[in-house]
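Taken in sequence, the protein lines are chains L and B.
Letter 87 of the first sequence, counting from 1, is numbered 87 in the working numbering, and no numbers are missing.
Letter 165 of the second sequence, counting from 1, is numbered 165 in the working numbering, and no numbers are missing.
These are computed hints drawn from the structure, not numbers from a lab.
Ideal placement from N, C-alpha and C gives every residue a C-beta, glycine not left out.
Among the hints, erroneous ones may be present.
[Said to hold, decoys possible] If you anchor each label on the Cβ, the simulated ranges turn out as follows:
| # | chain 1 | residue 1 | chain 2 | residue 2 | range |
| --- | --- | --- | --- | --- | --- |
| 1 | L | Gln174 | B | Glu190 | 48 to 56 angstroms |
| 2 | L | Val205 | B | Glu190 | 47 to 55 angstroms |
| 3 | L | Val205 | B | Asp260 | 40 to 48 angstroms |
| 4 | L | Arg33 | B | Met299 | 34 to 42 angstroms |
| 5 | L | Ser79 | B | Glu205 | 32 to 40 angstroms |
| 6 | B | Glu102 | L | Gly78 | 25 to 33 angstroms |
| 7 | B | Pro175 | L | Val24 | 22 to 30 angstroms |
| 8 | B | Phe58 | L | Thr77 | 34 to 42 angstroms |
| 9 | L | Thr77 | B | Ala275 | 58 to 66 angstroms |
| 10 | L | Asp94 | B | Pro175 | 52 to 60 angstroms |
| 11 | B | Arg37 | L | Gly62 | 54 to 62 angstroms |
| 12 | B | Met71 | L | Ala112 | 56 to 64 angstroms |
| 13 | B | Pro309 | L | Gly62 | 35 to 43 angstroms |
| 14 | B | Trp279 | L | Gly62 | 37 to 45 angstroms |
[What the hints assert, rightly or not] Interface residues of chain B toward chain L, partial, derived using beta-carbon atoms under 8 angstroms:
| # | residue |
| --- | --- |
| 15 | Pro94 |
| 16 | Val98 |
| 17 | Thr232 |
[What the hints assert, rightly or not] Negatives, chain B to chain L, calculated, CB over 10 angstroms:
| # | residue |
| --- | --- |
| 18 | Ala138 |
| 19 | Gly272 |
| 20 | Arg304 |
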Amino acid sequence: MITGAALCPSPPLLCPELTGGRAVAPELRAACREAVGRLLREDPEVVVIIGPAAASGPWFGGGRLNPSIFAPAIAGTGSDSPPLAIGLGSMLLDQAGYRGRRRLQAVGYDEAASVCVKLGAELDDPSVRMALLVIGDGSARRSLKAPGYLDPRAEAFDAECERAIRTGDLGALQRLDQTLARDLMATGWPAWQVLSGALAPLNPVAEVLFSGAPFGVGYLVAYLNPCSLSAREAWLSSAIGTLLSEDDQQTLLKAAAIMNRIADSRPRQARGT
Amino acid sequence: MSAGKAFRDMSPIDMTTASGTGRPRAGRPPRALRLNRRTFEPCQLLVMAIVNRTPDSFYQPGMTWDQEAAMDRVHAAVVDGADIVDIGGVPARPGDDVDVREEIRRTVPFIAAVREAYPDLVISVDTWRHEVGREACAAGADLLNDSWGGWDTRLVEVAAEFGTGVVCSHAGHLPPRTRPFRVAYPDVVEDVLTGTLALAARALEVGVEEERILIDPAHDFGKNTWHSLEITRRLGELVATGWPVLVSLSNKDFVGETLDVMVDERLAGTLGTTAVSAWLGARVFRAHHVRETRHVLTMVSAIRGDTPPACAVRGLA
Numbered sequence: 001m002i003t004g005a006a007l008c009p010s011p012p013l014l015c016p017e018l019t020g021g022r023a024v025a026p027e028l029r030a031a032c033r034e035a036v037g038r039l040l041r042e043d044p045e046v047v048v049i050i051g052p053a054a055a056s057g058p059w060f061g062g063g064r065l066n067p068s069i070f071a072p073a074i075a076g077t078g079s080d081s082p083p084l085a086i087g088l089g090s091m092l093l094d095q096a097g098y099r100g101r102r103r104l105q106a107v108g109y110d111e112a113a114s115v116c117v118k119l120g121a122e123l124d125d126p127s128v129r130m131a132l133l134v135i136g137d138g139s140a141r142r143s144l145k146a147p148g149y150l151d152p153r154a155e156a157f158d159a160e161c162e163r164a165i166r167t168g169d170l171g172a173l174q175r176l177d178q179t180l181a182r183d184l185m186a187t188g189w190p191a192w193q194v195l196s197g198a199l200a201p202l203n204p205v206a207e208v209l210f211s212g213a214p215f216g217v218g219y220l221v222a223y224l225n226p227c228s229l230s231a232r233e234a235w236l237s238s239a240i241g242t243l244l245s246e247d248d249q250q251t252l253l254k255a256a257a258i259m260n261r262i263a264d265s266r267p268r269q270a271r272g273t
Numbered sequence: 001m002s003a004g005k006a007f008r009d010m011s012p013i014d015m016t017t018a019s020g021t022g023r024p025r026a027g028r029p030p031r032a033l034r035l036n037r038r039t040f041e042p043c044q045l046l047v048m049a050i051v052n053r054t055p056d057s058f059y060q061p062g063m064t065w066d067q068e069a070a071m072d073r074v075h076a077a078v079v080d081g082a083d084i085v086d087i088g089g090v091p092a093r094p095g096d097d098v099d100v101r102e103e104i105r106r107t108v109p110f111i112a113a114v115r116e117a118y119p120d121l122v123i124s125v126d127t128w129r130h131e132v133g134r135e136a137c138a139a140g141a142d143l144l145n146d147s148w149g150g151w152d153t154r155l156v157e158v159a160a161e162f163g164t165g166v167v168c169s170h171a172g173h174l175p176p177r178t179r180p181f182r183v184a185y186p187d188v189v190e191d192v193l194t195g196t197l198a199l200a201a202r203a204l205e206v207g208v209e210e211e212r213i214l215i216d217p218a219h220d221f222g223k224n225t226w227h228s229l230e231i232t233r234r235l236g237e238l239v240a241t242g243w244p245v246l247v248s249l250s251n252k253d254f255v256g257e258t259l260d261v262m263v264d265e266r267l268a269g270t271l272g273t274t275a276v277s278a279w280l281g282a283r284v285f286r287a288h289h290v291r292e293t294r295h296v297l298t299m300v301s302a303i304r305g306d307t308p309p310a311c312a313v314r315g316l317a
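Could you put together the complete structure from these sequences and hints?
Here it is as structure tokens:
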């Protein structure tokens, strides 16, 4: 069961050691902390980090980013660095104090959309409480000073991605053109496809915690909460069990049963099932 | 496939294991440098004055866009102690397209005019394109400053054909006029060495004279600030190859980010880096501030004992 998904970008500057004396992009860092914090509050048994990389596949090496590849003056980890997105995802989990199980999943920059979506769809395992930490960046061509210089199409592209996430319309991510994404240096494209494959059927409710391009690269931070019946039931019973007296629990469970019947009676298409 | 092409197509990881580049592993003594009709010994530190024939370069954009202003700049640079002028028609940063024809229009007639005014001045042309290099050499250029690391593999052949010099630089495998985006190196200096030495080997192979080849680590090209600081700190490893090392530090972003200052406040940082680089053995310094750079280099030469003070009477009377 997927308990939730956090979407974060992967600029190396998220790594505090890399940006020197001044705290760079504090709002972005805070938003990533918040998204990962919410992910972990669902008490997942495993967190799957999904990150774009040169090639698809599970990453079995260490997840720890080696900062010395970006800043030689900083002592390295002494081992090969994982792909940037995987390494930064691992760092965010470390910063949140997460000590549980992790799975590191790379997805190739040039992977076909159908492959990415399938990868996402096959992640879910009903017997395991699984959280997704999806790492992906918008266009690196958002301004004149952007790494890729200004492309006038970049803003609309990132805006559509944000709209799809914000409204939970994850199917729309699959309609973002791969060639355009490549032209716009939107390296998050394959990760968005995986996210879409994993969560679109669950009709998630999303909250965007950061959206902007302070350095000319589109950064989007969001937390997505799946609205499936099973997820809601699991949440309800766990909340009820810890918070309420036995009498109140009975009352609430009755209310929940009524709510679920109402939810079930809604047209299936509208619930995305 | 030519060696230059092979270099360009390799990923950074491949580069670290590339072999057959003719790179000397042990230190080699520095060579003399010959440009135009002049020979510069290893102890001589040279200022290369930047003259941009562009409306949109990052430092004082448009200052020498006008030909008359550009010629005034050359006169001033010569008076201030420049040994070389580096004339460029295309900014390094991305922006409006400048095609071959326009680049030639911006640079070549001006090179001809400078040649006529200063027969012995070393004239460098800052270009990556062989078509521009050819016209520039025909107009009197002595050095092809290929800032984009051999992107156009035919440029070096122009140097061989005209008997001019060439700068072999490390642009981090990026195409011309692009910015670094999350660049990472297992060892940036190793990558610089492998890349520049492969280009130098190719220059030799196509017939450029050994004493007319320089190498340039190319600060900020395909590098973040940490990488540029690292290549400065370890410049001695480049110097140890024996090739004359050119550094282009002037007012660059790594200075700006290190000091947290905008482009018009980077002179002190530039000059500090210039002094360190000279001390570590760099020999050619591409600069906006010619007089100040010349002063720094003269101080370094005097501290090293290569040149005496201009006038020493204090305590000696």
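Looking back at the hints listed earlier, which ones does the structure fail to meet?
-> Violated: hints 1, 4, 6, 9, 10, 13, 16, 17.
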